[in-house]
Amino acid sequence: MIRSETLAGRIVKFGGLGLCLLVTVFPLYWILVTSFKDPGTIFAYPLRYWPETWSLENYRGLFDQSNFGVFIGNSLIVSTVAAALATVVSLLSAYVLARFEFVSKGAVMGAFLVTQMIPGFIALGSLYILMTRLYLVDNRWGLVLVYVAMSIPLCTVMLRGFFENVPASLEEAAMVDGCSRLSALFRVLVPVMTPGIAASYIFNFVNCWNELFLSVTLLNSDSNKTIPAALNGFISSYNIDWGSMSAAAALSIVPTMILFAVASRYIVEGLTAGAVKE
Amino acid sequence: MSLTTTDRARSAPAGAGNRPRPAGRRRFTARTALVLFAFMVPALVFVGMFTYYPLLSGIQMAFRNYNLNDLSDTSWVGLDNFRALLDDEMFRGTVKNSVVWVVGSLVPQFLIGFTMAMWLRRRFRFRGVYQALVFFPWAVSGFLIGILFRWMFNGEFGVVNDLLMKSHLIDTPVPWLADARYAMFSVIVANVWYGVTFFAIMILAALQGVPEELYESAAIDGAGKVRTLFSITIPSIRTTLALTVLLRVIWIFNSPELIFGMTGGGPANETHIVTSHMIQVTQEGDYGRASAMGVMVVFVLMLFAVFYLLAIRPRKGLA
Numbered sequence: 001m002i003r004s005e006t007l008a009g010r011i012v013k014f015g016g017l018g019l020c021l022l023v024t025v026f027p028l029y030w031i032l033v034t035s036f037k038d039p040g041t042i043f044a045y046p047l048r049y050w051p052e053t054w055s056l057e058n059y060r061g062l063f064d065q066s067n068f069g070v071f072i073g074n075s076l077i078v079s080t081v082a083a084a085l086a087t088v089v090s091l092l093s094a095y096v097l098a099r100f101e102f103v104s105k106g107a108v109m110g111a112f113l114v115t116q117m118i119p120g121f122i123a124l125g126s127l128y129i130l131m132t133r134l135y136l137v138d139n140r141w142g143l144v145l146v147y148v149a150m151s152i153p154l155c156t157v158m159l160r161g162f163f164e165n166v167p168a169s170l171e172e173a174a175m176v177d178g179c180s181r182l183s184a185l186f187r188v189l190v191p192v193m194t195p196g197i198a199a200s201y202i203f204n205f206v207n208c209w210n211e212l213f214l215s216v217t218l219l220n221s222d223s224n225k226t227i228p229a230a231l232n233g234f235i236s237s238y239n240i241d242w243g244s245m246s247a248a249a250a251l252s253i254v255p256t257m258i259l260f261a262v263a264s265r266y267i268v269e270g271l272t273a274g275a276v277k278e
Numbered sequence: 001m002s003l004t005t006t007d008r009a010r011s012a013p014a015g016a017g018n019r020p021r022p023a024g025r026r027r028f029t030a031r032t033a034l035v036l037f038a039f040m041v042p043a044l045v046f047v048g049m050f051t052y053y054p055l056l057s058g059i060q061m062a063f064r065n066y067n068l069n070d071l072s073d074t075s076w077v078g079l080d081n082f083r084a085l086l087d088d089e090m091f092r093g094t095v096k097n098s099v100v101w102v103v104g105s106l107v108p109q110f111l112i113g114f115t116m117a118m119w120l121r122r123r124f125r126f127r128g129v130y131q132a133l134v135f136f137p138w139a140v141s142g143f144l145i146g147i148l149f150r151w152m153f154n155g156e157f158g159v160v161n162d163l164l165m166k167s168h169l170i171d172t173p174v175p176w177l178a179d180a181r182y183a184m185f186s187v188i189v190a191n192v193w194y195g196v197t198f199f200a201i202m203i204l205a206a207l208q209g210v211p212e213e214l215y216e217s218a219a220i221d222g223a224g225k226v227r228t229l230f231s232i233t234i235p236s237i238r239t240t241l242a243l244t245v246l247l248r249v250i251w252i253f254n255s256p257e258l259i260f261g262m263t264g265g266g267p268a269n270e271t272h273i274v275t276s277h278m279i280q281v282t283q284e285g286d287y288g289r290a291s292a293m294g295v296m297v298v299f300v301l302m303l304f305a306v307f308y309l310l311a312i313r314p315r316k317g318l319a
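Chains A and B supply the protein sequences, listed in that same order. Letter by letter, the first sequence follows residues 1 to 278 in this note's numbering. Letter by letter, the second sequence follows residues 1 to 319 in this note's numbering.
Read the hints as simulated data drawn from the structure, not as lab findings. All C-beta atoms, glycine included, are put in the ideal place defined by N, C-alpha and C. Incorrect hints may appear among the rest.
[Said to hold, decoys possible] Computed cross-link-like contacts, SDA-like style, restricted to lysine to any residue with a CA-CA straight-line distance of at most 25 Å:
hint: 1; chain 1: A; residue 1: K13; chain 2: B; residue 2: R31
hint: 2; chain 1: A; residue 1: K13; chain 2: B; residue 2: R125
hint: 3; chain 1: A; residue 1: K13; chain 2: B; residue 2: Y215
hint: 4; chain 1: B; residue 1: K166; chain 2: A; residue 2: L47
hint: 5; chain 1: A; residue 1: K105; chain 2: A; residue 2: Y45
hint: 6; chain 1: A; residue 1: K105; chain 2: B; residue 2: R31
hint: 7; chain 1: B; residue 1: K225; chain 2: A; residue 2: K105
hint: 8; chain 1: A; residue 1: K13; chain 2: B; residue 2: V129
hint: 9; chain 1: A; residue 1: K105; chain 2: B; residue 2: T32
hint: 10; chain 1: B; residue 1: K225; chain 2: A; residue 2: D38
hint: 11; chain 1: A; residue 1: K105; chain 2: B; residue 2: V129
hint: 12; chain 1: B; residue 1: K166; chain 2: A; residue 2: I42
hint: 13; chain 1: A; residue 1: K105; chain 2: B; residue 2: L163
hint: 14; chain 1: A; residue 1: K13; chain 2: B; residue 2: T32
hint: 15; chain 1: B; residue 1: K166; chain 2: A; residue 2: D38
hint: 16; chain 1: A; residue 1: K13; chain 2: B; residue 2: L85
hint: 17; chain 1: B; residue 1: K166; chain 2: A; residue 2: K105
hint: 18; chain 1: A; residue 1: K13; chain 2: B; residue 2: T240
hint: 19; chain 1: A; residue 1: K13; chain 2: B; residue 2: R121
[Claimed, not checked] Which bits of chain A does chain B cover? Going by a derived footprint, with three or more residues having C-beta under 8 Å, they are:
hint: 20; region: 53–62
hint: 21; region: 70–80
hint: 22; region: 189–201
[Claimed, not checked] Pulled from the structure, derived: some chain B residues nowhere near chain A, Cβ distances all over 12 Å:
hint: 23; residue: L56
hint: 24; residue: D80
hint: 25; residue: L86
Kindly generate the complete structure, drawing on both the sequences and the hints.
Below is the structure:
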C-alpha cells in the first residue's frame with residue numbers, strides 16, 4: 001500500500017463507521033428493550049434506555065390476547081414450503097439457463113427480470129379474482145403457490161450464477177457413467193453447490209416470511225393468517241398496544257435476522273454477481 | 001435484455017435448425033432439448049400463471065368499470081378510469097408525494113451508502129463482523145421497519161423526541177406522524193435508514209473490482225483524494241452506480257410497505273404515494289381504478305427506465 005491513511009482520516013473513518021453502526025442497530029435494540037420492559041413502564045417518563053426490571057409480560061400478553069402462536073405456525077409452514085418448492089423449481093430452470101444456449105433464452109431471462117421491476121402487488125385485484133376462481137382464497141396453500149411464483153425469477157438468476165461456478169465436465173462425467181441428466185443434477189451438482197443453494201433457500205424463506213400485501217389480500221380468517229397479515233390487523237386498530245406490538249415485532253424480526261446473518265455472504269455474492277452480469 | 005438481440009443476430013444467418021454454439025458449449029440433440037424444456041416448464045408455468053396472467057388481465061380491467069362492491073355492470077369504459085384519476089385531487093397529491101418520497105430517499109441513501117462503501121473498501125480487523133451487523137436491515141421487511149419507526153417517532157413516548165429533547169434540539173415533543181408538516185419527513189428518514197445498506201453493498205462490491213494499480217498510479221502521479229475520487233473511483237464504477245440508482249428509483253417508488261407500517265398513508269393522506277394509494281383503492285374494491293393506476297405506474301416507470309438508460313449509455317468515440 002503506497003498511500004497510508006493519516007491519523008485524522010482514520011478518526012473520521014472509524015468514527016463515521018461507528019456512528020453508522022449505532023444508528024443502524026438502535027431501532028432493533030429499541031424494539032427489543034421495549035418488548036422486555038414491564039408493560040406499565042413502557043409509557044412512563046423518563047424513558048428508560050435499559051429496563052429496570054426485565055419482564056416477559058408483553059410476550060405473555062401477546063399470546064394470551066391473540067392467536068400469535070397460530071400466526072407463527074402459519075408463517076413457518078407457508079415460508080418453509082414455498083421456499084423449498086421455489087428452490088427446486090429454480091434449480092431446474094437455472095441449470096438450463098446456465099448451461100445451454102437457445103434462441104428464446106434471452107426472452108426467458110427478460111421475462112424473469114421484468115418481474116423484478118414490477119412489484120407483485122401491482123395486479124392485486126386480478127390475482128384475487130384468479131384465486132377466487134381457483135377456490136384458493138383464504139387458503140395457505142394458495143398463498144404458497146403465489147409465493148413460489150414470486151420467488152422463482154430472482155432465485156433462478158442467483159442459482160444460475162452459482163451453476164456457472166461449477167464446471168460442466170462434472171455432470172458430463174456422471175452422465176457418461178450412465179446417470180440421467182436429472183440425477184446428475186441432483187446427485188453431482190447439488191452437493192457441490194450446497195452453500196449457494198442454502199443461501200437461495202434462505203433468501204426465498206425470508207422474502208416469503210416478510211411478504212405483506214399478498215397475504216393481507218388472500219387470507220382473511222385468523223386460523224390462516226401469517227404474521228405480517230396479523231400485524232397489519234394490529235396496527236389498524238385505533239389504539240396500538242405497544243407492549244404486545246413490540247413483542248410481536250421482535251418475534252417476527254429475530255428469526256429472519258439469524259437466518260440472514262448465516263447466509264448473508266452468499267446472498268450478497270449471488271445478488272451482486274447476478275446484477276453485474278445482466 | 002440485450003441477450004435477445006445478440007442471440008437472434010447470431011442464429012439468423014445459421015438457419016432455423018442450427019442453434020448458436022459458443023465455444024466450449026455442447027450441441028444438443030432433440031431428446032436433450034425435450035429434457036431441457038421439461039426442466040424449464042415448472043418455472044414458466046408458475047410465473048406465467050401467478051405473475052403474468054394477473055398482470056395481463058389487470059391491464060384489461062383498467063379499461064372497465066370493475067368494482068367488487070357492484071359487479072352488475074362491468075362494461076368497457078375506455079379511458080374513463082384514467083381520466084377520472086387525472087381529475088382526482090388526491091391522486092395528483094400522491095404523484096407529488098411519490099416524487100418527494102423517491103428523491104428525498106434516494107439522494108441521502110446514495111451519499112451515505114457511497115461514503116460507507118469507501119470506508120469499508122480497505123480491509124480492517126472485524127470488517128466482516130461489522131458488515132454483518134450493519135447489513136441486518138436487509139433481513140427485515142419494510143413493513144416491520146415502518147412499525148419500528150412508528151414506535152420511535154411516537155409523539156408522546158417516542159425515543160426520537162426524547163433524544164432530541166435531551167440534546168436540547170427541541171423544547172417540546174413533536175407530533176411527528178400526526179402533523180402533516182412532519183409526517184412525510186419522518187417516513188423518508190425511516191426509508192433512508194432502510195436503504196443505505198443496499199447502496200453500501202452494491203457500491204462496495206463494485207469498488208472491490210477496481211484494480212489497486214489504478215490507485216497506485218494515481219498516487220504516483222500525485223493525485224489528491226478528491227482528484228482520485230472523481231478521476232479514478234467514480235469513472236471505474238460508473239455503470240454500477242448508474243444501474244443501482246435506476247433499480248433504487250423503481251424499487252423505492254414501488255415500496256409502500258414501510259408507509260403502511262409507519263403511517264398507513266396518514267395524516268390526511270399526506271404520506272400516501274401512488275402505489276400505497278393504489279393498494280388502498282384495491283382494498284376498497286375498485287379494481288378498475290386500481291388497475292388503471294397500476295398501468296400508469298408501469299408505463300411511467302418503463303418510460304423513465306428507457307430514457308435513463310439512453311442518457312447513461314456509454315458514448316463511444318467521445319472518451
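Checklist entry - Which earlier hints can't be squared with this structure? => result 1, 5, 7, 10, 11, 13, 14, 16, 17, 20, 21, 22, 23
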